[in-house]
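J.: Residue-level listing of the chains:
Number of protein chains: 2
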Amino acid sequence: MKIALAQINYHIGNFKSNIEKITNAIKKAKSHGVDLVIFAELAISGYPPRDFLEFNDFIEKCNAAINKIAKDCEDIAVIIGSPTFNSAIEGKPLHNSAFFISDGKIQYEHHKSLLPNYDIFDEYRYFEPGKKFEIISLKGKKIALTICEDLWNIGNDPLYTINPMDEIFKHDPNIIVNIAASPFNYKQAEIRKSILIKNVEKYKLPLFYINHVGAQTELLFDGGSMVINKKGEIIEELKYFEEDFIVVDTKKLNINPDKEIKTQPTKIELINNALVMGVRNYFQKLGFKKAILGLSGGIDSAVTLAIAAEALGSKNVRAVLLPSAFSSDHSVNDAKKLAENLACEYEIISIEESYKSFTKTLLPQFKNLPFGLAEENIQARVRGVILMALSNKFGYILLNTSNKSEAAVGYGTLYGDMNGGLSVLGDVYKTEVFELAKYINRNAEIIPENTITKPPSAELRPDQKDSDSLPDYDILDEILYQYIERRKGPKEIIAQGFDKQIVKKTLKLVNTNEYKRYQTPPILRVSPKAFGMGRRIPIVAKYLSR
Amino acid sequence: MKIALAQINYHIGNFKSNIEKITNAIKKAKSHGVDLVIFAELAISGYPPRDFLEFNDFIEKCNAAINKIAKDCEDIAVIIGSPTFNSAIEGKPLHNSAFFISDGKIQYEHHKSLLPNYDIFDEYRYFEPGKKFEIISLKGKKIALTICEDLWNIGNDPLYTINPMDEIFKHDPNIIVNIAASPFNYKQAEIRKSILIKNVEKYKLPLFYINHVGAQTELLFDGGSMVINKKGEIIEELKYFEEDFIVVDTKKLNINPDKEIKTQPTKIELINNALVMGVRNYFQKLGFKKAILGLSGGIDSAVTLAIAAEALGSKNVRAVLLPSAFSSDHSVNDAKKLAENLACEYEIISIEESYKSFTKTLLPQFKNLPFGLAEENIQARVRGVILMALSNKFGYILLNTSNKSEAAVGYGTLYGDMNGGLSVLGDVYKTEVFELAKYINRNAEIIPENTITKPPSAELRPDQKDSDSLPDYDILDEILYQYIERRKGPKEIIAQGFDKQIVKKTLKLVNTNEYKRYQTPPILRVSPKAFGMGRRIPIVAKYLSR
Numbered sequence: 003m004k005i006a007l008a009q010i011n012y013h014i015g016n017f018k019s020n021i022e023k024i025t026n027a028i029k030k031a032k033s034h035g036v037d038l039v040i041f042a043e044l045a046i047s048g049y050p051p052r053d054f055l056e057f058n059d060f061i062e063k064c065n066a067a068i069n070k071i072a073k074d075c076e077d078i079a080v081i082i083g084s085p086t087f088n089s090a091i092e093g094k095p096l097h098n099s100a101f102f103i104s105d106g107k108i109q110y111e112h113h114k115s116l117l118p119n120y121d122i123f124d125e126y127r128y129f130e131p132g133k134k135f136e137i138i139s140l141k142g143k144k145i146a147l148t149i150c151e152d153l154w155n156i157g158n159d160p161l162y163t164i165n166p167m168d169e170i171f172k173h174d175p176n177i178i179v180n181i182a183a184s185p186f187n188y189k190q191a192e193i194r195k196s197i198l199i200k201n202v203e204k205y206k207l208p209l210f211y212i213n214h215v216g217a218q219t220e221l222l223f224d225g226g227s228m229v230i231n232k233k234g235e236i237i238e239e240l241k242y243f244e245e246d247f248i249v250v251d252t253k254k255l256n257i258n259p260d261k262e263i264k265t266q267p268t269k270i271e272l273i274n275n276a277l278v279m280g281v282r283n284y285f286q287k288l289g290f291k292k293a294i295l296g297l298s299g300g301i302d303s304a305v306t307l308a309i310a311a312e313a314l315g316s317k318n319v320r321a322v323l324l325p326s327a328f329s330s331d332h333s334v335n336d337a338k339k340l341a342e343n344l345a346c347e348y349e350i351i352s353i354e355e356s357y358k359s360f361t362k363t364l365l366p367q368f369k370n371l372p373f374g375l376a377e378e379n380i381q382a383r384v385r386g387v388i389l390m391a392l393s394n395k396f397g398y399i400l401l402n403t404s405n406k407s408e409a410a411v412g413y414g415t416l417y418g419d420m421n422g423g424l425s426v427l428g429d430v431y432k433t434e435v436f437e438l439a440k441y442i443n444r445n446a447e448i449i450p451e452n453t454i455t456k457p458p459s460a461e462l463r464p465d466q467k468d469s470d471s472l473p474d475y476d477i478l479d480e481i482l483y484q485y486i487e488r489r490k491g492p493k494e495i496i497a498q499g500f501d502k503q504i505v506k507k508t509l510k511l512v513n514t515n516e517y518k519r520y521q522t523p524p525i526l527r528v529s530p531k532a533f534g535m536g537r538r539i540p541i542v543a544k545y546l547s548r
Numbered sequence: 003m004k005i006a007l008a009q010i011n012y013h014i015g016n017f018k019s020n021i022e023k024i025t026n027a028i029k030k031a032k033s034h035g036v037d038l039v040i041f042a043e044l045a046i047s048g049y050p051p052r053d054f055l056e057f058n059d060f061i062e063k064c065n066a067a068i069n070k071i072a073k074d075c076e077d078i079a080v081i082i083g084s085p086t087f088n089s090a091i092e093g094k095p096l097h098n099s100a101f102f103i104s105d106g107k108i109q110y111e112h113h114k115s116l117l118p119n120y121d122i123f124d125e126y127r128y129f130e131p132g133k134k135f136e137i138i139s140l141k142g143k144k145i146a147l148t149i150c151e152d153l154w155n156i157g158n159d160p161l162y163t164i165n166p167m168d169e170i171f172k173h174d175p176n177i178i179v180n181i182a183a184s185p186f187n188y189k190q191a192e193i194r195k196s197i198l199i200k201n202v203e204k205y206k207l208p209l210f211y212i213n214h215v216g217a218q219t220e221l222l223f224d225g226g227s228m229v230i231n232k233k234g235e236i237i238e239e240l241k242y243f244e245e246d247f248i249v250v251d252t253k254k255l256n257i258n259p260d261k262e263i264k265t266q267p268t269k270i271e272l273i274n275n276a277l278v279m280g281v282r283n284y285f286q287k288l289g290f291k292k293a294i295l296g297l298s299g300g301i302d303s304a305v306t307l308a309i310a311a312e313a314l315g316s317k318n319v320r321a322v323l324l325p326s327a328f329s330s331d332h333s334v335n336d337a338k339k340l341a342e343n344l345a346c347e348y349e350i351i352s353i354e355e356s357y358k359s360f361t362k363t364l365l366p367q368f369k370n371l372p373f374g375l376a377e378e379n380i381q382a383r384v385r386g387v388i389l390m391a392l393s394n395k396f397g398y399i400l401l402n403t404s405n406k407s408e409a410a411v412g413y414g415t416l417y418g419d420m421n422g423g424l425s426v427l428g429d430v431y432k433t434e435v436f437e438l439a440k441y442i443n444r445n446a447e448i449i450p451e452n453t454i455t456k457p458p459s460a461e462l463r464p465d466q467k468d469s470d471s472l473p474d475y476d477i478l479d480e481i482l483y484q485y486i487e488r489r490k491g492p493k494e495i496i497a498q499g500f501d502k503q504i505v506k507k508t509l510k511l512v513n514t515n516e517y518k519r520y521q522t523p524p525i526l527r528v529s530p531k532a533f534g535m536g537r538r539i540p541i542v543a544k545y546l547s548r
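Chains as they are written, first to last, in the numbering used here: chain A, 3 to 548; chain B, 3 to 548.
Looking at chain A on its own, in the form it has when it is part of the complex (with noise of 0.2 angstroms):
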């Protein structure tokens, strides 16, 4: 039997195009003589759907979709995942289904039984779980049918009491097709081939898995679906932050001696392969051509400028260089030098008439108060009134340049540099965006040495620096990784040899700062727990916060 995995980037509700795209795979499998030809979870709403789950409309459209789809399916067939609604009077509207069509019929629907309903995930929000588990029939061989998490069940520390494919497997299977909505972060790939492999292993089964590939808002999906003979031997590995599309044939499920290794990337190539996944992705499933930012000279706005002009090409990122008299000479050169290597179009506009504006505006109100953090707040705004006035008139979006470092402690001015439509780096921490800077110029210098090597400054009085408010970076990411990755206590993190005072520091200013993340743009999620919907803190509360 001939099985094709199609590796598709979907978009969330936009069933035109996921149609077409699906409908064009089936094509190209029926020419290649395949007998069933395998999508994603969710495929058809693209995932994840989230509340348009709530509407009976857009259930009723993922209907319609699946029947005009099941018309193309005479002579081959197809395993697609959508919602469906529950048919029973008791629990959830919804089940997350998986579609067996053959014969141009819908022969069987299975429904997901395992739920994830943490970090990004809200699946039992809207879904009952399945309660059924039997297998489906081709060409002479049974198919065992699951929904990603399904397979997710088999660690030492199981997070539900049921193991779907236990049950399955009663039913003598001879494959096992897994379908899934698996997204990125740097760890990810590695624990989900660990946990495909262990289900082999447990079953001695082949397993066909399919991914999900694209980004949709801040959660960005690899790709990487792949093929696992019954030694545990990946067979197939489809491509990774790309569309792909393979044809393997049952009776050829032994590793090709001939295979070429790949090596594996580190976490950094990942990281800037996904970002420049997400910042593409969210700009073309938007209908926008072009991005904005503010360039410092600073690392933060380099690194963001060189994946931006990546993802969409230099010709389309419009860099805007926004210099106040704390701004130092090799800031606005080092930015400038940049925008120059990049190819970027820049240009140089002084913030200093717009900030006396308001000092003379508020003269009568300020009288004779001394230079403090309301008036660096008002250089932060009046550059952000200034990005977002030519966002407006030109249609730019305008890209977010703050790091998860800054995102965390809150060491960044709301409504001014924390403004924009998408934020690129506030998954990434200030440590990290120097490894980045470092990949970027692997080949040659693209960002300026000595933007790589001077002391982060915000420059919004004479002479700050970073480390003049907050523990040095080596230091603070790694409190910050405990705390928020790790989810460790103060106690936890102190005994692992961190200073006691600056742990106290740094947690409550993480806590007392969650009214600015609040509002701050999606984050292009990279890492294993991003600020953003995966992460939910109640503002108005007081826990490590004095």
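Hints listed in this document are in silico derivations from the structure and should not be mistaken for laboratory results.
Do not rely on the hints blindly, as some may be mistaken.
Copies of the same chain look alike in the list, so a pair counts if it fits in one copy or across any two.
[Said to hold, decoys possible] List time: in silico EDC-like cross-link candidates among lysine to aspartate or glutamate, alpha-carbon distance up to 20 angstroms:
1) Lys32 x Asp246
2) Lys395 x Glu238
3) Lys317 x Glu349
4) Lys507 x Glu312
5) Lys369 x Glu349
6) Lys32 x Glu235
7) Lys133 x Glu92
8) Lys206 x Glu136
9) Lys32 x Asp77
10) Lys531 x Glu56
11) Lys144 x Asp53
12) Lys339 x Glu244
13) Lys70 x Glu22
14) Lys531 x Asp59
15) Lys506 x Glu56
16) Lys510 x Glu62
17) Lys30 x Glu192
18) Lys141 x Asp37
19) Lys510 x Asp53
20) Lys493 x Glu56
21) Lys493 x Asp59
22) Lys30 x Asp77
23) Lys317 x Glu92
24) Lys493 x Asp53
Take the given structure of chain A and dock chain B to it, following the hints.
T.: Leaving out everything else, chain B in the frame of chain A:
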């Protein structure tokens, strides 16, 4: 047996304050000779603790608090809610638990079975459902202990496949206790009573119901705890929007024939009271006293100011009039008159100078392009910068004045009038804002009549009216209600008789402005479906958006 209900305003993660309030209520109960005092669901942590629940440190602090409280219960029994670790290997790491404490010891730990995971609820994100249905005994009475949703699976459209009270009922209880965290919306009190009475009618048992009161950022808890006798009569109803404490003797569960019958508050009165509590608690719990806001002379900022003045006291609210060249004289006069009526401090700061500085700065880029949206937005953003500068300099929190209709269709400037620490009216449709204004004026003209009667305008260009770009609010709000609150699709709304083009345009505006709402301040939730944590829509989607 004498039972006390302690209706308390908890603060999430503020263990010191929560323990103090609980301990004081136990003392008070003892002084009344009470046998059992009942506190709300997750009283120890406050509700909802959200992802703080993922920190072992947080759960350990909850456990420590319970143990501390148990020591106070040598001669009184207590029922109280707290999160606990799940001791089983399988399943989610926590339970949502109710402790039964007597003789200074924890006697029983009940785990919530039905975990709401819809709208603003995310309980299955954290908790494993309880599957043990036992009973507790005190002074010869058998008590069925249930937690909130455990009693809610009673209608014709059951969301869950089990009904915990049916199981507990097999043990032949004498009393039902339900500890809850049931957030306010203007329909909730009515629904809540009807669900509880249905339970009483089904099981023929008296019911003691205890709820939270007070605001937790966007979520407002209205209190209204109650005692229902087995005839289904509400014999005691605790205060709404305030802390309260009552003692009831189980021997005296007949309705008092002299009981004063309270008039049911109107929807608008409920919304007003909820918003006042929401603003007040937001400031109290953050440790702030003073608010600032931009007062335009329009109805939204007028109603916001009146609510803030009631919540915080007139002397704690500063109104800033920020006229431009397009502001009408009547706007400034109406705004002044309102501030005077409320005895709030106000001042006039012209935005002209700063606005002009931007148009001058941007002249090389904008050249001779006609005045448009970019220039309108600059005005709104200049106002934003000035208000935030005053907020930063003097420690005010900026109140956002946008209403739900504007938030829905994106009629507002990001980083301009959409700024603020808290949105007071973001869940109140424009037509409801008018009703609120009339309610505020019920005894005297606080809000100038002219503010209520003049046609709404953003005053960002000459002679602008909201009706230039939006359908009339009467129509718009009805369509929005069908789409947002009732999740009706375009076909269903058009079938109700609304104009097809207006419906399509409206839904498109709602969906394409999701990106703006992503960055708005938290919105006090007063309706059954508010923007914010209870409505989760993808940004980069293509559904009803063309």
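J.: Give a verdict on every hint.
T.: Here is what the structure says about each hint:
With identical chains, the CA atoms of Lys32 and Asp246 are at most 20 angstroms apart within one copy only, with a shortest distance of 16 angstroms there and 71 angstroms across copies. For the homomeric pair Lys395 and Glu238, neither the shortest alpha-carbon distance inside one copy (48 angstroms) nor that between copies (61 angstroms) is at most 20 angstroms. Taking the closest pair of Cα atoms, Lys317 and Glu349 come within 20 angstroms of each other only inside a single copy of the chain (14 angstroms); across copies the shortest separation is 47 angstroms, beyond that limit. Proximity of Lys507 and Glu312 under a CA criterion of 20 angstroms is satisfied in neither setting, with 38 angstroms inside one chain copy and 36 angstroms between copies.
In this homomeric assembly, Lys369 and Glu349 come within 20 angstroms of each other (Cα to Cα) only across copies, at 15 angstroms, whereas the closest approach inside a single copy is 35 angstroms. Taking the shortest alpha-carbon separations for Lys32 and Glu235, neither the intra-copy value of 27 angstroms nor the inter-copy value of 69 angstroms comes in at or below 20 angstroms. Proximity of Lys133 and Glu92 under a CA criterion of 20 angstroms is satisfied in both settings, with 13 angstroms inside one chain copy and 18 angstroms between copies. In the homo-oligomer, the alpha carbons of Lys206 and Glu136 lie at most 20 angstroms apart inside one protomer (18 angstroms), although the nearest pairing across protomers, at 43 angstroms, exceeds that limit.
In this homomeric assembly, Lys32 and Asp77 come within 20 angstroms of each other (Cα to Cα) only inside a single copy, at 8 angstroms, whereas the closest approach across copies is 78 angstroms. With identical chains, the CA atoms of Lys531 and Glu56 are at most 20 angstroms apart between copies only, with a shortest distance of 12 angstroms across copies and 27 angstroms within one. In this homomeric assembly, Lys144 and Asp53 never come within 20 angstroms of each other (Cα to Cα): the closest approach is 35 angstroms inside a single copy and 42 angstroms across copies. In this assembly of identical chains, Lys339 and Glu244 lie within 20 angstroms of each other by CA distance neither inside one copy nor across copies; the values are 32 angstroms within and 62 angstroms between.
For a Cα distance limit of 20 angstroms, the shortest separation of Lys70 from Glu22 inside one copy, 11 angstroms, qualifies, whereas the shortest one across copies, 63 angstroms, does not. Taking the closest pair of Cα atoms, Lys531 and Asp59 come within 20 angstroms of each other only across two copies (18 angstroms); inside a single copy the shortest separation is 33 angstroms, beyond that limit. Taking the shortest Cα distances, Lys506 and Glu56 sit within 20 angstroms of each other only across copies (19 angstroms), while inside one copy they are farther apart (42 angstroms). In the homo-oligomer, the alpha carbons of Lys510 and Glu62 lie at most 20 angstroms apart only across protomers (19 angstroms), although the nearest pairing inside one protomer, at 48 angstroms, exceeds that limit.
For the identical chains of this complex, Lys30 and Glu192 are neighbours neither inside a copy (30 angstroms) nor across copies (58 angstroms), given an alpha-carbon limit of 20 angstroms. Proximity of Lys141 to Asp37 under the C-alpha cut-off of 20 angstroms is restricted to the intra-copy arrangement: shortest distance 8 angstroms within a copy versus 71 angstroms between copies. When the C-alpha separation of Lys510 and Asp53 is checked against a cutoff of 20 angstroms, the pair qualifies only between copies, where the shortest distance is 16 angstroms, while the shortest distance within a copy is 33 angstroms. Taking the closest pair of Cα atoms, Lys493 and Glu56 come within 20 angstroms of each other only across two copies (15 angstroms); inside a single copy the shortest separation is 42 angstroms, beyond that limit.
For the identical chains of this complex, Lys493 and Asp59 are inter-copy neighbours only, at 8 angstroms across copies versus 50 angstroms inside a copy, given an alpha-carbon limit of 20 angstroms. When the C-alpha separation of Lys30 and Asp77 is checked against a cutoff of 20 angstroms, the pair qualifies only within one copy, where the shortest distance is 13 angstroms, while the shortest distance between copies is 77 angstroms. Neither within a single protomer nor between protomers do Lys317 and Glu92 lie at most 20 angstroms apart by alpha-carbon distance, with minima of 56 angstroms and 54 angstroms respectively. Taking the shortest alpha-carbon separations for Lys493 and Asp53, only the inter-copy value of 18 angstroms comes in at or below 20 angstroms, while the best intra-copy value is 39 angstroms.
Hints 2, 4, 6, 11, 12, 17, 23 from the list above are not met by this structure, while the remaining hints are.
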